[in-house]
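Visitor: As given, the protein sequences belong to chains H and R, one line each in that order.
First residue of the first sequence? That's 0 in numbering that gives the first Met the number 0, and the numbers climb one at a time after it.
First residue of the second sequence? That's 0 in numbering that gives the first Met the number 0, and the numbers climb one at a time after it.
Think of the hints as simulated: they come from the structure by calculation, not from any bench.
Bear in mind the structure is a predicted one, so any value in this text is a computation, not a measurement.
Be aware that a few hints might be false.
Derived pair list, reagent style DSBU-like, types lysine-lysine, alpha-carbon separation capped at 35 Å [said to hold, decoys possible]: (1) R/Lys353 - H/Lys329; (2) H/Lys66 - H/Lys221; (3) H/Lys20 - H/Lys94; (4) R/Lys83 - H/Lys123; (5) R/Lys112 - H/Lys312; (6) R/Lys94 - H/Lys221.
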Amino acid sequence: MKILLSGLALLAVTISGAAAKDLTLLNVSYDPTRELYQDVNTAFARYWLGKTGDKVTVKQSHGGSGKQARAVIDGLDADVVTLALAYDVDALCEKGKLIPPDWQKRLPDNSAPYTSTIVFVVRKGNPKAIRDWDDLTNPGVSIVTPNPKTSGGARWNYLAAWGYALKKWGSDEAKARDYVARLFKNVAIFDTGARGATTTFVQRGIGDVMIAWENEALLATKESDQGGFEIIAPSLSILAEPPVTWVDKVVNRRGTRAVAQAYLEFLYSPEGQEIAAKHYYRPRLESVRAKYTGTFPKVDLFTIDEVFGGWQKAQKTHFSDGGVFDQIQKANR
Amino acid sequence: MKNKQTRFNWAVLIGALVGVQATAAGVRAEGTNTAGLPAATIGATDTNTLELIKQLQRRIEELEQKVKTLEGGKAPAEEPGEAKSKQQLRELDQKVKVLERERELDQEAQEAKAKEAPRISLGGDGFSFASASNNFAVQLKGVLQVDSRTFFNEPGLGGNDSMLLRRVRPILQGTVYRDFDFLFVPDFAPSSGPTIYDAYVNYRYSPALQFQAGKFKVPFGLEQLAQDRDILFNERSLVTDLVPNRDVGFELHGDLFEGRVSYAAGIFNGTTDGGNSGNVDFADDRDFAGRLFFQPLRKSESTVLRGFGFGLAGTYETMSTTNTAGLPSNTGGSLPGYFTDGQQQFFAYNPADKAVVVANDDHWRLSPQAYYYYGPFGLLGEYVISDQKVSRTGVAPYDSAHLRNTAWEVSASWVLTGEDAAFAGGVIPRRPFNPREGAWGALQLVGRYAELSLDRAAFPEFADPATSAGSAEAWSIGLNWYLNRNLMVKTSFSHTHFNGGGGAGTSAPAAVTRNDENVLFTRIQLAF
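Only chain H is shown next, with the shape it has when bound in the complex (with noise of 0.2 Å):
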């Protein structure tokens, strides 16, 4: 009996010992976040060492925003969603079962660690004296923005546009209607997502004005080894809340829910924020966007929820099949 039970410790010890654990999670991601999470899963990776001994490797993935949360409704492994908008993530809870309904209150700022918001590019010198959304619209500019069928920055860029005109023309939809066609018209190329747009743009020299994200903006002429860029920030823009969450039935099933979580909540510390704001993103906590004022150009915001009554109603109205957008471009041909 003695020597059964030496053995069974022995096993127990062997087992528990040997159970420093090696995690893997993968962040389905939109496009330009690619250079954000680097940084962050080497700094979480680092973290969670330190707190559990356990290694944890982030593995990532990033395309369109839509077609990301499509993959994971078709079965991509993703451990957490980092995507571009919630509308994005709604459709993980309606159409895949993977997430609980309320899954936007369980994490701080409706889930959004850090915002955004939309603003422009021009080239160097600004030839088409480009300096607010109306100039958009002048004959002859030549617009670069991804497609908002298949882009969630370019659902942000177009509900901006949308949001400025309702503005200037005391909510008029007729006019804001034409305003968003006339500016669609001047678009050279639709990209698939924001990425692929900095890439026409900036790399292969098309268009005057490309319509971005704002960290995709200062990331490209910072990083432009042309340095022949100017980002213009409009009198009125749109508050971008780029949400994130777990999904559940992965995590679950992968037994990754605490390091899942714990990696989420990690973009609100103050290294994570700092992070974020080094990548161009607005951060929420006041300390660390105090110390990026700078960095980020004054712009009036106003939310989605405020002008067009949330991400669902703005889908619906603007970007199914059929609806505001398909309309335009029907009519722009």
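Given the coordinates of chain H, work out where chain R should sit on it, guided by the hints.
Guide: Chain R alone, transformed into the frame defined by chain H:
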């Protein structure tokens, strides 16, 4: 629509470029011809053309000069026409860039589409096709084993040498909806006709929690759980005589702690020692089986220790019906019993007074088991107890007894050509057989010793000591030649010594136990 537009744009652009080229070529041709003709033959039109060319040349030189000036940072005042030309040039440049980018995006879209297309593959693992997401997959595999058995020194026992198809099994396996696996394996080799060996569906909630339903191997015997294509010898050892094979049932199983612990627990119809169940069983009793297997050092940095595993397995059943169907199968004889490596029956429930022996009440089994693999070396051992209550019917006395039969084995293997040995997956030759390039595959030396002991209480009331052996001891050696990962040739020799039996009679088990069994096996196996 977009593609059409792109093609149209390209056509327009190419057309325009071709037009410009043709015009320029025409101008050059006219110039050449003119230069080659006497001045008198040059007409008024040609003079005009020459003048036009000269003007164009002057214009180009002027433009070149201006470009140089612009490049030098000295922008001359532009004339309205020049500004317009530059604007047109910029617009044309943009159009070309847009067309190029559209083509690039089209290519990206095509590549993305290709990634989403179903994948088909054909290779050493068989033929498979899968959806791009791998959520749906089907694999077609198969095992074909062509054997020969040649017996030596067997006076009085003939007609048992054979060339045979041991296994002819097409294997269909796959996955649906990512988490549901299935396997279907019929065997066309049995002379009784095609038989379903495996047919199950497995739900993978996680590696640690899986649920399997259908017909599959009972989680018990270590050697039995090795795949048929991976066993070291043509036939499994005497130990497997006491081990259930495939049965119909439900099983929870999984791997914990990154595979350091594997568990399986199931409820089955119940099958005999060494037996496969039928596809249906209307008996009320059920067989419970469970197995725990540990590989505590499989993630160790030391390769010496990684391949060590040990475990314990057990089954329990209470027979609700009393009949001979509950006793071991009767391969090689007409009555239930146990059989040799050569598949000949050396023990039968066949008392001399012709009473019929039946199984009833409790049947339990227990098996401690272990293996160790390190590089080309492999060692496997297991011990099995099978405790079966049996009763006599038909002829008095109508006694019952718990018969506790035991068996054990140790087998060792060494890959002479240095490849790694493993419990699952066999040996994969570093240099697949190709004599033209001096590649000969892999060679493995194998050896095994096994014993099976019948409970002494079996004799004489439940078995005839004059015909059945009370125990058998077998040793085997062999050489396995892996030509490649799909083809192998095996040859082995097995010697079995019997204690008891050997009395009068021309049929098994008396004729089998009369002399030691010496059998030479060969096998050609195709498995993919």
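Visitor: Each hint should be assessed against the structure and marked as holding or not.
Guide: Each hint, compared with the structure:
no.: 1; hint: R/Lys353 - H/Lys329; result: violated (93 Å)
no.: 2; hint: H/Lys66 - H/Lys221; result: holds (28 Å)
no.: 3; hint: H/Lys20 - H/Lys94; result: holds (33 Å)
no.: 4; hint: R/Lys83 - H/Lys123; result: holds (21 Å)
no.: 5; hint: R/Lys112 - H/Lys312; result: holds (31 Å)
no.: 6; hint: R/Lys94 - H/Lys221; result: holds (27 Å)
Violated hint for the displayed structure: number 1, the only one.
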